[in-house]
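K.L.:
Sequence:
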Amino acid sequence: MPETRLTPKQWLIKTSGAGKVLRALKAIARSNRTQHQVLQLQARLEELEEQQPRLEEQQARLEEQQAARLLQFDAAITEARQSLQINLARSLARKQDIDQQAAPMPVPQALPNDLNNLYIAFENQFRGTAEEIKVKQSRYLPFLAALAQEFTAPLAILDIGCGRGEWLRLLAPLNYLPRGIDLSQTMVDYCRLDGLEAEQQEALGYLATQPDNSLHVISAFHVIEHLDFEQLVSLFDHCLRVLKPGGKIIFETPNPENITVGAYSFYVDPTHKNPLPPISVEFIARQRGFSLVDIYRYNPREEPGEASAISENWFCCPVDYAIIAQK
787 MPETRLTPKQ
797 WLIKTSGAGK
807 VLRALKAIAR
817 SNRTQHQVLQ
827 LQARLEELEE
837 QQPRLEEQQA
847 RLEEQQAARL
857 LQFDAAITEA
867 RQSLQINLAR
877 SLARKQDIDQ
887 QAAPMPVPQA
897 LPNDLNNLYI
907 AFENQFRGTA
917 EEIKVKQSRY
927 LPFLAALAQE
937 FTAPLAILDI
947 GCGRGEWLRL
957 LAPLNYLPRG
967 IDLSQTMVDY
977 CRLDGLEAEQ
987 QEALGYLATQ
997 PDNSLHVISA
1007 FHVIEHLDFE
1017 QLVSLFDHCL
1027 RVLKPGGKII
1037 FETPNPENIT
1047 VGAYSFYVDP
1057 THKNPLPPIS
1067 VEFIARQRGF
1077 SLVDIYRYNP
1087 REEPGEASAI
1097 SENWFCCPVD
1107 YAIIAQK
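First residue of the sequence shown? That's 787 in my numbering, and the numbers climb one at a time after it.
Hints were generated in silico from the structure; no laboratory data involved.
Bear in mind the structure is a predicted one, so any value in this text is a computation, not a measurement.
Keep in mind that a hint or two might mislead.
[Said to hold, decoys possible] Quick list of simulated restraints, FRET-style, between CB atoms:
| hint | residue 1 | residue 2 | range |
| --- | --- | --- | --- |
| 1 | Ala866 | Glu983 | 48 to 58 Å |
| 2 | Gln845 | Gln1112 | 19 to 29 Å |
| 3 | Gln986 | Ala907 | 26 to 36 Å |
| 4 | Gln828 | Ala866 | 53 to 63 Å |
| 5 | Glu865 | Pro1063 | 50 to 60 Å |
| 6 | Ile1065 | Glu849 | 35 to 45 Å |
| 7 | Gln971 | Ala866 | 47 to 57 Å |
[To be verified] Calculated lysine to aspartate or glutamate pairs in the EDC-like style (CA-CA distance at most 20 Å, straight line):
| hint | residue 1 | residue 2 |
| --- | --- | --- |
| 8 | Lys1059 | Glu988 |
| 9 | Lys922 | Glu835 |
| 10 | Lys1059 | Asp1080 |
| 11 | Lys1030 | Glu917 |
| 12 | Lys1059 | Asp1106 |
| 13 | Lys922 | Asp1106 |
| 14 | Lys1059 | Glu1011 |
| 15 | Lys920 | Asp980 |
| 16 | Lys922 | Asp1080 |
| 17 | Lys920 | Glu988 |
| 18 | Lys1059 | Asp1014 |
| 19 | Lys1059 | Asp998 |
| 20 | Lys920 | Glu1043 |
| 21 | Lys1030 | Asp998 |
| 22 | Lys1030 | Asp1080 |
| 23 | Lys920 | Asp975 |
Even glycine gets a Cβ: it sits at the ideal position worked out from N, Cα and C.
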């Protein structure tokens, strides 16, 4: 039987000394691989430790964003709940008004003849001459000129509380259709003597009879301060209905931002109700449906000498303002 030839590996294993050497070499190889793996794991751990602060920062940022979203969500829920409660309260109030059949709201009435003549004399002395008023009101003509570009027909303009007719006289030579109403028959007759169209009417009652979308402009110079709150809101509602789309209101009134107006000169006229801050009137206009609401302040009070910041803001600021709002 021929002798079996051993491979070198088999020979080394069979040889006791050589086998030990081979096993030792294998153990060393395994040890080197293990050490390499340990080094890799150690490097990976160090990398993770370096990334930990950044990961913690990202986690904190995500938690903050989540908390902010929760706050926004809670605020939105609270606002929606309040809005629902307000709408419900309004509905209940309207139902109560209907159930109680509330009496019609009082409207401004014409003064008796003796008081009417007294008030005319009062206006002539304290409001200024007709020429001075015309000069002040001419500042509104550019607004009408710009509005006229948006319509093909001449502007139909109603002036509430037309008084001596200064505004109507400014408009008469222009391509407009102005007419005025006033509680005072004396003032109406005064306007008619100059060929101006005017009639004795109470504003809210007159507006209630006007067709929808029938006027381009409704003006009222130093009128709204004579109305109480309910009448003022009703005036805005009537004007919004009667104006054509794109039509405008022009209301001028004393400016109580000027302390001397709010504390003194406003009350020189005993028929004034309450001072009307611009932000309040602007709020009412927007809430009742007007858009493009603007406030214009006019007629700053001039004081001798150099004005301080306080004087400039509270004593020298304009004594009148106008609200111009579009339907």
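K.L.:
Next step is simple, just say for each hint if it's right about the structure.
P.N.:
Status of the hints after comparison with the structure:
1. Ala866 with Glu983: 48 to 58 Å: holds, 51 Å
2. Gln845 with Gln1112: 19 to 29 Å: violated, 52 Å
3. Gln986 with Ala907: 26 to 36 Å: violated, 19 Å
4. Gln828 with Ala866: 53 to 63 Å: Given about 56 Å between the Cβ atoms, the range holds.
5. Glu865 with Pro1063: 50 to 60 Å: 26 Å Cβ-Cβ, so the 50 to 60 Å window is violated.
6. Ile1065 with Glu849: 35 to 45 Å: holds, 40 Å
7. Gln971 with Ala866: 47 to 57 Å: holds, 53 Å
8. Lys1059 with Glu988: holds, 17 Å
9. Lys922 with Glu835: violated, 77 Å
10. Lys1059 with Asp1080: violated, 23 Å
11. Lys1030 with Glu917: violated, 31 Å
12. Lys1059 with Asp1106: Given that 20 Å is the threshold and the Cα spacing comes to 16 Å, the pair holds.
13. Lys922 with Asp1106: holds, 11 Å
14. Lys1059 with Glu1011: OK: Lys1059 and Glu1011 at ~6 Å, within 20 Å.
15. Lys920 with Asp980: holds, 15 Å
16. Lys922 with Asp1080: Within the cut-off at roughly 18 Å; holds.
17. Lys920 with Glu988: Judged against 20 Å, a Cα distance of about 24 Å means the pair is violated.
18. Lys1059 with Asp1014: Within the cut-off at roughly 6 Å; holds.
19. Lys1059 with Asp998: Roughly 29 Å between the alpha carbons, so the hint for Lys1059 and Asp998 is violated.
20. Lys920 with Glu1043: violated, 24 Å
21. Lys1030 with Asp998: holds, 8 Å
22. Lys1030 with Asp1080: holds, 19 Å
23. Lys920 with Asp975: Measuring from Cα to Cα gives roughly 19 Å; hence the hint holds.
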